[in-house]
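Student: Residues per chain, in single letters:
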Amino acid sequence: MSSVESTPTPTPTASAAVDAVAQWFAALHADLEGMNRDIEAILSSASDPTADVARLAKAGRDGIKDRVRVLLGERPRVNGAGLIFSRSARGEGKGVTEWWVRDGDGDVTRYQFGVNPGGQRFYDYETLEWFTVSFTTGRPWLTGPYIDYLGVEEYIVTATVRAEVHGRAVGVTGLDMTVAELERELLPLLRLARRPSALLNAHGGVLVSSTSSLAPGDLVTAPPAGFLRLPIPALDATLSLLVADDPADAR
Amino acid sequence: MVQEHGPLPFSDEASPSAGGAAVAERILSSISLGLLTVGERLPPEVELAQQFGVAVNTLRKGLSELRDREIVVTRRGRSGGTFIVRAPFPSPDEVRERLRESSLVDLRDLRDEQVAVGSAIARLAATRAWGTSIERLAALAARVTRAATAAEAASADSRFHIELAVLAQSPRLLRAEVRIQSEMAPLHWILSDFEQTRSVVESDHESVIRAVRANDGTAAALAMSEHLQHDGVRMMDAKLSIDPDL
Numbered sequence: 018m019s020s021v022e023s024t025p026t027p028t029p030t031a032s033a034a035v036d037a038v039a040q041w042f043a044a045l046h047a048d049l050e051g052m053n054r055d056i057e058a059i060l061s062s063a064s065d066p067t068a069d070v071a072r073l074a075k076a077g078r079d080g081i082k083d084r085v086r087v088l089l090g091e092r093p094r095v096n097g098a099g100l101i102f103s104r105s106a107r108g109e110g111k112g113v114t115e116w117w118v119r120d121g122d123g124d125v126t127r128y129q130f131g132v133n134p135g136g137q138r139f140y141d142y143e144t145l146e147w148f149t150v151s152f153t154t155g156r157p158w159l160t161g162p163y164i165d166y167l168g169v170e171e172y173i174v175t176a177t178v179r180a181e182v183h184g185r186a187v188g189v190t191g192l193d194m195t196v197a198e199l200e201r202e203l204l205p206l207l208r209l210a211r212r213p214s215a216l217l218n219a220h221g222g223v224l225v226s227s228t229s230s231l232a233p234g235d236l237v238t239a240p241p242a243g244f245l246r247l248p249i250p251a252l253d254a255t256l257s258l259l260v261a262d263d264p265a266d267a268r
Numbered sequence: 019m020v021q022e023h024g025p026l027p028f029s030d031e032a033s034p035s036a037g038g039a040a041v042a043e044r045i046l047s048s049i050s051l052g053l054l055t056v057g058e059r060l061p062p063e064v065e066l067a068q069q070f071g072v073a074v075n076t077l078r079k080g081l082s083e084l085r086d087r088e089i090v091v092t093r094r095g096r097s098g099g100t101f102i103v104r105a106p107f108p109s110p111d112e113v114r115e116r117l118r119e120s121s122l123v124d125l126r127d128l129r130d131e132q133v134a135v136g137s138a139i140a141r142l143a144a145t146r147a148w149g150t151s152i153e154r155l156a157a158l159a160a161r162v163t164r165a166a167t168a169a170e171a172a173s174a175d176s177r178f179h180i181e182l183a184v185l186a187q188s189p190r191l192l193r194a195e196v197r198i199q200s201e202m203a204p205l206h207w208i209l210s211d212f213e214q215t216r217s218v219v220e221s222d223h224e225s226v227i228r229a230v231r232a233n234d235g236t237a238a239a240l241a242m243s244e245h246l247q248h249d250g251v252r253m254m255d256a257k258l259s260i261d262p263d264l
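Going down the list, the sequences are from chains A and B.
For the first sequence, my numbering assigns the number 268 to the last residue and increments by one with no breaks.
For the second sequence, my numbering assigns the number 264 to the last residue and increments by one with no breaks.
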């Protein structure tokens, strides 16, 4: 959806919801950027500028694990996090991933994806939105909701930023949250609007909704009658909040 | 989320001397017989080794062989374990045997389930998918066109249906579709005329993609339903042709 629509004047409660959601995403983005900077520093000091991503990943593995453990400790609703590398030659060589998820005992464990391009279950991640947008543009990005088929196999959202080492983009640093956990975090914030509202991703897909007329995953190409669309000033303003004009049928 | 099951029916057949390869074979035949289904989680290693009457190390060798063949994957984390992700691709003889054993009404029921799940998936995908994800679906459809053998085409065909389920964003429907595809795809392709089947499937998939692009859920559900009716007719014709005494 483009942002050429004239900016509507939101009610104070709608503004409160927009502000709360924006702050939540700004904090998430700050945590992700913080982790990314630390991981970039770990990788830079553990490698020389000629190292390919496979060597880089190996050298950084323990450091990435420790840093992800910190993030997952601070963010109990984040499922997993790490760095997914760009293969040096597209279509050749195996994928390189350093991704850590919670294990059953309060620690983290490395998640292994199908990284062999010849395999039936090859996880062709360099074609997926969560990889391509941040990697090619350098923008922070929120992908989802989507089912991560052949990946972590859950219904999730993924926040990403680009990772750069020795002045070169090497991949994306990201974190996953299930759509259910995202809802637990954000539904209380949407309810600050005191009227039906729904948070939309960059494509108009519903992330979280406080009205049964819009369900997560639904695509909203134009605001339904009686709804305003307000940009969320975080994550490059790619998200927006649909808010009903009329609080009468607020739930 | 995950199905669990009790002792496997093949366990008493295992001899203590069975090696890793024998363990792998036994698991494969359980999948072919439908005793284990795609999506299922195997019991923990220690338990499974006991059921087979083998050492845990031997069992691990067997699982490792199945992992290399991408029949099982082992996932770590809270919802981890070893899962069956693919059925071994059957030979034409095995497909013939399956069709011979199935009654027409069984096949009709398989088709009915596939139509119900597939049409719902197509409808949801059309209302939930956006531009780049639809292009990915179209790229997967093109793999059917490029397939050189029935086995390749069946695999590409399955992958198209699974991707549509991914776009529908329902984890439950995706699990159902993965299971259905592992049962049905070989039946749709192995015994029918390859070129003819491929041209029908291609044009059916195109109709589905067109409806998804137009965000037209009703048209997508209808196109999918027609596509799966074609598949079902082909499967029943194959059954009738191998069973002349019927």
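A hint or two may mislead.
[Said to hold, decoys possible] Just so you have them, the derived chain B footprint on chain A, three or more residues with Cβ under 8 Å:
1. 55-67
2. 121-135
3. 175-184
[As the list claims (entries may be wrong)] Just some of the chain B residues that point at chain A, by a computed CB distance under 8 Å:
4. GLY95
5. ILE102
6. ILE180
[Stated by the list, open to error] Partial list, derived from the structure: chain A residues whose beta carbon lies under 8 Å from chain B:
7. VAL118
8. GLU143
9. THR144
10. TYR166
11. TYR172
12. ARG208
13. HIS220
14. GLY222
Simulated from the structure, these hints should not be mistaken for lab results.
Where a beta carbon is used, it is the ideal one built from N, C-alpha and C, also for glycine.
Student: Against this structure, judge whether each hint is valid.
Tutor: Outcome of the hint check:
1. 55-67: violated (count 0)
2. 121-135: holds (count 6)
3. 175-184: violated (count 0)
4. GLY95: Hint on GLY95/B: holds, closest Cβ of chain A at ~4 Å, below 8 Å.
5. ILE102: 12 Å, violated
6. ILE180: 7 Å, holds
7. VAL118: 4 Å, holds
8. GLU143: This interface hint is violated because 12 Å lies over the 8 Å limit.
9. THR144: Nearest chain B Cβ about 7 Å off; hint holds.
10. TYR166: 5 Å, holds
11. TYR172: 5 Å, holds
12. ARG208: Where the cut-off is 8 Å and the nearest Cβ of chain B is about 24 Å from ARG208/A, the hint is violated.
13. HIS220: Holds, about 4 Å.
14. GLY222: 7 Å, holds
Against the hints set out earlier in the document, violations occur for numbers 1, 3, 5, 8, 12.
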